[in-house]
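Engineer: With chain H fixed as given, assemble chain G onto it according to the hints.
There are 2 protein chains.
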Amino acid sequence: MNTNRRSFVKATATLAAAAPFILTARAQEPQRKLGVALVGLGSLATNQIAPALAKNTRLCKLTALVSGTPEKLTKWQAQYGIPATHCYNYEQFDRLKDNPDVDIVYVVLPNSMHPEFTVRAAQAGKHVFTEKPMANSAAECQQMIDACKQAKRRLGVGYRCQFTPHHLEMIRLSRYEVFGRLKCVEAAFGFKIGDPTQWRLRKALAGGGALMDVGIYAIQGMRYLVGEEPVSVQAFETKTDKVKFAEVDETITWELKFPGGVLAKGATTYAFNGMNYLRGLAENGWFELGPQAYGYGGLNGRTSKGPLELPQVDHFAAELDDFAECILKNRPTRASGEEGLADLKVIEGIYRSIAEGKAVKLG
Amino acid sequence: MNTNRRSFVKATATLAAAAPFILTARAQEPQRKLGVALVGLGSLATNQIAPALAKNTRLCKLTALVSGTPEKLTKWQAQYGIPATHCYNYEQFDRLKDNPDVDIVYVVLPNSMHPEFTVRAAQAGKHVFTEKPMANSAAECQQMIDACKQAKRRLGVGYRCQFTPHHLEMIRLSRYEVFGRLKCVEAAFGFKIGDPTQWRLRKALAGGGALMDVGIYAIQGMRYLVGEEPVSVQAFETKTDKVKFAEVDETITWELKFPGGVLAKGATTYAFNGMNYLRGLAENGWFELGPQAYGYGGLNGRTSKGPLELPQVDHFAAELDDFAECILKNRPTRASGEEGLADLKVIEGIYRSIAEGKAVKLG
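Heads up: the sequence lines are chains H and G, in that order. Heads up: the first sequence begins at 1 in my numbering, then just goes up one per residue. Heads up: the second sequence begins at 1 in my numbering, then just goes up one per residue.
It is worth saying that the hints were derived from the structure and are not from the lab. Heads up, a few of these hints could be off.
Remember, identical chains collapse to one label, so a pair may be satisfied in a single copy or spanning two.
[As the list claims (entries may be wrong)] Here are the simulated lysine-lysine pairs, DSSO-like style, with alpha carbons at most 30 angstroms apart:
# : residue 1 : residue 2
1 : 192       : 305
2 : 305       : 244
3 : 239       : 305
4 : 345       : 203
5 : 203       : 358
Predicted model only: the values in this text are computed from it and were never measured.
The following block holds chain H by itself, in its conformation from the complex (with noise of 0.2 angstroms):
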């Protein structure tokens, strides 16, 4: 095991300890709960993140909204009893520097819009935490970093797969190489995606097709299973719809070669459902997530010795409460920006092999 293995067993030992923590010990509640602003008043934001604040969420909870739409706004003062004081659009963004009720900024927009708001959101003095993807370039997300260290203030990345307690497991079954040594991680993430008018489709809006959106999931896991950064990549696309998919990737594949000579295979798709895992082939034994491996409806799993039987939570309420519980007790989160821009290296990377026709070299 390399220093950088170890040192994120240590890292993972930590959290597996302060994970039944976070879930359970409510009587240790703090006083003030942490106040979240919501930047973009969309599906996500609608269906997942406003009704975990509402109900799961510990450490925070909504106390601001930003929408562009006044509609919306009227709509959710009301459900979620936010004032009108609390409400802005994009040009009163900056106006968040003067709430005292709101210490994290969570940017919900389509992500090429990510970087401009964490970054003014950070120069209004707000800890920020961000959808994945974290931006459509690595030099994006290292512009969106230097600011939030600037400012002093805490960056997160919206992966909240990594706090729930099927993949905290995947991890320590990978990094304790409790089935002996990894070899090979299989991951791939994909859905059909239906209205062809959405953003998700628009270049200059996603940066990329399934491979920003869904994707950044499967690479995601292998760099967490892994516990190093890949060095090459090889990966190949297929586009059966070029109307649909004009601007964006469709089905992409692709290798990650590890320096420990760890090999991963990935995919993603927006062509068809089915491809939703997250797999650890090791010396003695394989360990796997699917067929729900990242949604949030649920998820399963298995190992070469049985069911895992772990219990399902809120992903969204887990992934903020962690974020509050950082700033809170000044700790590190492990879904950081760093994170997110490695993530965006292995993207650029892919995506260079598939212009260039053969593996490239990361890193």
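Structural biologist: Chain G only, in chain H's frame:
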């Protein structure tokens, strides 16, 4: 559905109708079982094929032996009641032509020897069944096909999976589009190889490593689920043990593109256990075999609607009885020399893609 697919659906339908008959209709036993000469008495012949011929085949039986090891011949003679007149070494092999108790020669030698003994068996007037891979090159496959055609003898390849209810069901689900149009196939087969001195690790004998030995099952699976010949391939090799795998490939992943737009992702390895699946992802659901998709110790699988409940069969008895029936009823075998040739063309494409470091066209 193009003509190619339609004709295959027809063939599959015929076979699906025939399969229960083959497996159960013992009342219609023929008068004489076809005689099989086993060439090469290694572990597969010893532990699988001979027991299948002794216990489970209805249309053929073991009648002759070919081996370079006199002790083996003596032992097998006693064990299977084979007369000394029906035992041969490799120099005596061609005398098989004078043995009326031998109808089929089953070549179970190291890969590199399949062509020579297939051609010699055909020239001795016998039908030939050869283990997979059929040969170490497409050119040799063609020579074997030509030799059998010239001798007016049948040629079959040991693609046992295609005769199991599990694989037949996968083919049915795919070709009849039970879950809608097929979009993607994921197939992989690998295992951790033991004894470093075995012939499978010698390039001159094996022709290649994991890809030639077990990756070929995944290639077969892709081809028979899609029902088309692939048009391009991109492959990627990883080698972590350069001593053990000095001569042959250790781990290879690949992507095949098919003319109708289906993408197939494959992998094979000699470095670890656990990769053993065949999965079809279609428009409205998925169907898969695994975690035992190819082993002869029992298969399992499921679809997006639930588990596959299918009978287990003796793979070797099933393939040999089918081949005997092809001879007796004068019908073509689905595990033909042409099938073996088609797989070798893909394998050569995979090695070419690895050598050139880019995607290559096939066919």
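Engineer: Confirm or reject each hint.
Structural biologist: Now the hints, each set against the structure:
1. 192 with 305: between (32 angstroms within a copy, 18 angstroms between copies)
2. 305 with 244: between (43 angstroms within a copy, 29 angstroms between copies)
3. 239 with 305: So residue 239 and residue 305 pass the 30 angstroms test across copies only (28 angstroms; inside, 38 angstroms).
4. 345 with 203: The answer is within: 18 angstroms in one copy meets 30 angstroms, while 38 angstroms across copies does not.
5. 203 with 358: both (23 angstroms within a copy, 26 angstroms between copies)
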